[in-house]
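Asks: Each step along the sequence shown adds one to the number in full-length UniProt numbering, with nothing skipped, and position 61 is 61.
Please note that the accuracy of each hint is not assured.
Unchecked claim - Derived SDA-like pairs (lysine to any residue); straight-line CA-CA distance at most 25 Å: (1) K274 / E243; (2) K100 / M61; (3) K277 / L229; (4) K266 / M226.
FYI, nobody ran anything at the bench for these hints, they're computed from the structure.
As the structure is a prediction and not an experimental result, all values here were calculated from the model.
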Amino acid sequence: MNRYMYIGLSGIALLIAGFLIYKKIKAQVIDFKAEKITPRVSLVLVVKNNEKILRYAMSRMLRERKDIEEILIMDLGSIDSTLDIIREFMEKDLRVKFLKITHRTITENYFSIIRGQVHGESILVLDLYKLGTENPNVYVPDLFKPLNQVLVKEVPKSDSRIDGSKLLYLDEHERKKNSYVIKEYIVDPIYKIHSSMEKLLGEIKEEDSSLREQTIDVQQYLHRTMKDLNMLLHLISPIENIEGNLDENIIDMFKIYGEEHRISVKCKVLGSRKEFKDSINILILEVIQDLLYTVIQYNLSSNIEVFERYGNRHYNLLFKYDCICDEKALLSPESGLSYYVLHSIQNRLSLVGGKMRIRIKPQWKVNIFIQLPMESATLLKN
Numbered sequence: 001m002n003r004y005m006y007i008g009l010s011g012i013a014l015l016i017a018g019f020l021i022y023k024k025i026k027a028q029v030i031d032f033k034a035e036k037i038t039p040r041v042s043l044v045l046v047v048k049n050n051e052k053i054l055r056y057a058m059s060r061m062l063r064e065r066k067d068i069e070e071i072l073i074m075d076l077g078s079i080d081s082t083l084d085i086i087r088e089f090m091e092k093d094l095r096v097k098f099l100k101i102t103h104r105t106i107t108e109n110y111f112s113i114i115r116g117q118v119h120g121e122s123i124l125v126l127d128l129y130k131l132g133t134e135n136p137n138v139y140v141p142d143l144f145k146p147l148n149q150v151l152v153k154e155v156p157k158s159d160s161r162i163d164g165s166k167l168l169y170l171d172e173h174e175r176k177k178n179s180y181v182i183k184e185y186i187v188d189p190i191y192k193i194h195s196s197m198e199k200l201l202g203e204i205k206e207e208d209s210s211l212r213e214q215t216i217d218v219q220q221y222l223h224r225t226m227k228d229l230n231m232l233l234h235l236i237s238p239i240e241n242i243e244g245n246l247d248e249n250i251i252d253m254f255k256i257y258g259e260e261h262r263i264s265v266k267c268k269v270l271g272s273r274k275e276f277k278d279s280i281n282i283l284i285l286e287v288i289q290d291l292l293y294t295v296i297q298y299n300l301s302s303n304i305e306v307f308e309r310y311g312n313r314h315y316n317l318l319f320k321y322d323c324i325c326d327e328k329a330l331l332s333p334e335s336g337l338s339y340y341v342l343h344s345i346q347n348r349l350s351l352v353g354g355k356m357r358i359r360i361k362p363q364w365k366v367n368i369f370i371q372l373p374m375e376s377a378t379l380l381k382n
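Full structure from sequences and hints, please.
Replies: The following block contains the structure:
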């Protein structure tokens, strides 16, 4: 009897093992390695009375950066020889274009103008006017040190979250500015309209049911819009100060995107927590922020899970979601996890010895596995 039971259990075990092997073979594994991203680059220079710094910048750009496809110079009303220098470089190089701006927007946000003027996959914006006015008494080569630092980096930190079809290189200042624009000029006015509708609803007589229903419908629409905009605002805002430990920040980030946003987000922490450097905490939160927003932005999934595990040698992060698109759309820049977003993440991870792997299982279950060595992540104890 025991022998038959043993044979039966062995058969079941073999069937289970065969099924697991089949699933592993069927799964598609994408192992991302750090590599230089070389998309078509458009450079935008914002100038006003910057004759010295502009000549220095243009000479260096055209001489050393062959990967720049076009250079758009936006002049804000120069009265020195800046315009003559622009014409000089336009005659020397066909990549140079000129755009005169008659007035500056209140928020100094140039991106609405830029999108219609340049065609590169990547846009690098350098505000020479602001750089010059903030440092008026500094010798020109030292004044241009921030630009030098940008030029020597192989891959600037990328951000594709402002426009899905473009890749914008934005610094922390630009993120703050875009967050400010969304809050002050979109979210707050909608909130005021919503409050006015609330007041109007109280003044409508009960017998006027048609107007009451229409007002309620508009109010509900505005409420949903504010929720979506607040989600966007949270995800494009720069991560600056870390209060509390990493796990608390991750859990807080996911609390915002619960059922009220029509998406199920779960987060689990495994293992004994360890203290990381602030730079590592920010890196991990930025990676989750990038992945979370990209999945939500392209409506790839309604169910996301994150598993965070502290091991003895590695910190592991598993980002899982059920994809609702086909294989071609999964990794395309237009409708999936952007090639540039993924490689930007891997390039940042590689600076601290981190790795990223993507595994696509049957039924379009996608696992993004991220690993960081503990020796480069934890605080050194003296």
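Asks: None of the hints should be skipped; say for each whether it holds.
Replies: Hints, one by one, checked against the model:
no. : hint        : verdict
1   : K274 / E243 : holds, 15 Å
2   : K100 / M61  : holds, 21 Å
3   : K277 / L229 : violated, 31 Å
4   : K266 / M226 : holds, 23 Å
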